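Peer 1: If you want the building blocks of each chain, they are given just below.
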Amino acid sequence: MQEVRETTAMKPPVTRIGVLGWVRTNLFSSVFNSFLTVVIIYFLWKIVPGLIRWAFIDSSWTTTGAECRAAGGACWSVVTKNLRFIIFGFFPYEWQWRPLLAMIILFTLLIVSRNRSYWKKWLGYSWLIGLFVMGLLLRGGLFGLPPVESTKWSGLPLTLLLSVFGLTAAYPLGVLLALGRQSRMPAIKSLSVVYIETIRGVPLISLLFMSSVMFPLFLPEGITINNILRAQVAIIMFTAAYIAEVVRGGLQAISRGQYEAAESLGLNYPQKMRLIILPQALKIVIPPSVGILISAFKDTSLVVIIGLFDLLKTTQSTLSDPRWMGFSVEAYIFIALIYFTGCFSMSSYSRRLERELYRGN
Amino acid sequence: MRFLKVCAVVVAVALIATTSLAIAGETLDTVKKRGYLIAGVNGGVFGFSMPDEKGVWKGLDVDTARAIAAAVLGDANKIKYVPLTAVQRLPALQAKEIDVLCRNTTQTLTRETANGLNFAHVNYYDGQGFLVSKKLGVKSAKELAGATICVLPGTTTELNVADYFRANNMRWRPVVIEQTAELSKAFFAGRCDVLTSDLSQLAAHRATAPNPTEYVLLPEIISKEPLAPVVRHGDDQWYDIVNWTVMALLQAEELGVNSNNVDMALKSQNPRVQRFLGVIPGLGKDLGLDDKWAYNIVKQVGNYSQIYEANVGVNTALGIPRGLNDQWYKGGLMYAAPFR
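Chains as they are written, first to last, in my numbering: chain A, 660 to 1020; chain B, 144 to 483.
Derived from the structure by calculation, the hints contain no laboratory data. Given the structure is predicted, the values throughout are model-derived calculations rather than measurements. Don't take each hint at face value.
[To be verified] Covered stretches of chain A, as calculated for chain B (at least 3 residues, CB under 8 Å):
id	stretch
1	741-750
2	871-879
3	962-973
[Claimed, not checked] With a straight-line cut-off of 25 Å between C-alpha atoms, the simulated DSS-like cross-links for lysine-lysine are:
id	chain 1	residue 1	chain 2	residue 2
4	B	Lys278	B	Lys328
5	B	Lys201	A	Lys811
6	A	Lys957	A	Lys780
7	B	Lys435	B	Lys223
8	B	Lys428	B	Lys175
9	B	Lys328	A	Lys811
10	B	Lys410	B	Lys442
11	B	Lys428	B	Lys410
12	B	Lys197	B	Lys442
13	B	Lys176	A	Lys811
14	A	Lys942	A	Lys957
15	B	Lys278	A	Lys811
16	B	Lys282	A	Lys811
17	B	Lys221	B	Lys201
18	B	Lys473	B	Lys367
19	B	Lys277	B	Lys328
20	A	Lys811	B	Lys175
21	B	Lys282	B	Lys328
Positions of the beta carbon are idealized from the N, C-alpha and C atoms, including for glycine.
Produce the complete structure using the sequences and hints provided.
Peer 2: In structure tokens form, the structure reads like this:
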């Protein structure tokens, strides 16, 4: 007969499992951690109830400014009552469904494009059609839609226009500049170096000022270039220079062996770059380039200083109305949420790309 | 060195070429051919030029621009508004991106000479003042020695305060805040004793106070800010049109003509009214406009009193009494030259 050993596992002490265990290992594992936990809990206890009271319990959502002042809590009415101006700005009131629809199309395309298995021809065509439809919705002039001048494009659609087109145009331009800077041809190399160093040597604000204040003085009589286009070009030029330096870092990280291997296979320069070098280099530089794209997205709000009514400016304009003056915190929280959503989805997508492209090397 | 000289010459020639002299009548023809007026405005000054919740431009400066469009094109709505920042406004006018600048711009000597601009008749007399809490018990700005003062940076406002306190041999401590909205918050939260800005702005600030009656304006006005529409040098006819449009607004008030009674006024037997409204033709033709120009202004926009009361007057959120902006016969500075 075999001896049966009593092996019924003893339960671990209650202080090691469950809630208590979690608290002990995570919050009170050492004297210093316990101290930090207590301090943090104290501050949360001090801040959170007041914050909730301000933001939700005492808050007003659809009142007038005067009623808000009487209520005392957060005045979300400043956002809800002025929402259409904050989002759409000067776009004619009865036609504001057009930019709304354009934005929905843009978001749909962006969300679908997140999935790399969809990166086929049909997606390219969808983008072309989508861009055409968005342009048509904004500009009008065809199919019975009354034309709307670009000077009336403002608010969130303008912010998205400047950032989406700015980023998609700046990235390829930046890659070209990076390749140009590595080129063996002196003319191309020096041109790229001069361009990159000049642009990186000045702040974006000065570029925007140049494009909006000085540039028109040098144009011939009667020719004016759209203010939005000028700002757009300035943003593209600026972002491209930064992208170029990041991509150059990626190119330098690829070992010489890769270049030589590509050459020994008989690949010419475009093939070598397209098939061997760039796929590896761009993969390496995903984190820094997304960093640049995120900051470029936020930098579009600088167009405020050249009088374009982007999301930030329409909000500020609302706040200078005496009826709503003084509720800047609520309004800025609202647009901060919009910017956060944009930036956070970019960075989470970049993490996902990194995971998908990880090859273990 | 030679290269540098050549460069300098090229740049100079380019500058001269771009600032080529305008030919008289050019702007009027351009506006008529284009079919709408391009007016530079401010983007965010309540009561002067600001979009409302529906994105429609409202304000005293906006109505001045509308009056110009009514006079020139017969339709006050044929305008494209270009919101401009303080830095952009003068270059935009010089580069002919706009036909007229109606953007609370103060008339100064250097702006008329060095910047090559002409200021039409003033459409609002502003000035810098001080707002204090009644609790402070101050009756005059002369008693403000050692006070902390909330002020916007980088404007003439800040320099004016410095000048005033130095001239009166008093010390002050500035609390500099970049955003207009934050400025009033800081003042009402008690971070400074005094808030200084243009009177029209102080009125807007006071309107947002938790308790507006607890604050008073001190009697001292420390600067003169005559705000007027601006045009380029070199096109006298266009200058006349803008200048006389503002005066037409004033003249209509003086004659007692407003947007409600202007059709009745057409039948008036008063020769001054008849000349003004073009019943006796001639004045419009001399300006290069339709003889109905003043009628169109009054019918579509109103007279000066109407636009003042609708945008900044005592029944608006700003609640500014006419004061200096009243007619000359009521003790103000608004004085239209004779229409004849």
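Peer 1: Which numbered hints are broken by the structure, listed smallest first?
Peer 2: Failing hints, ascending: 6, 9, 15 and 16.
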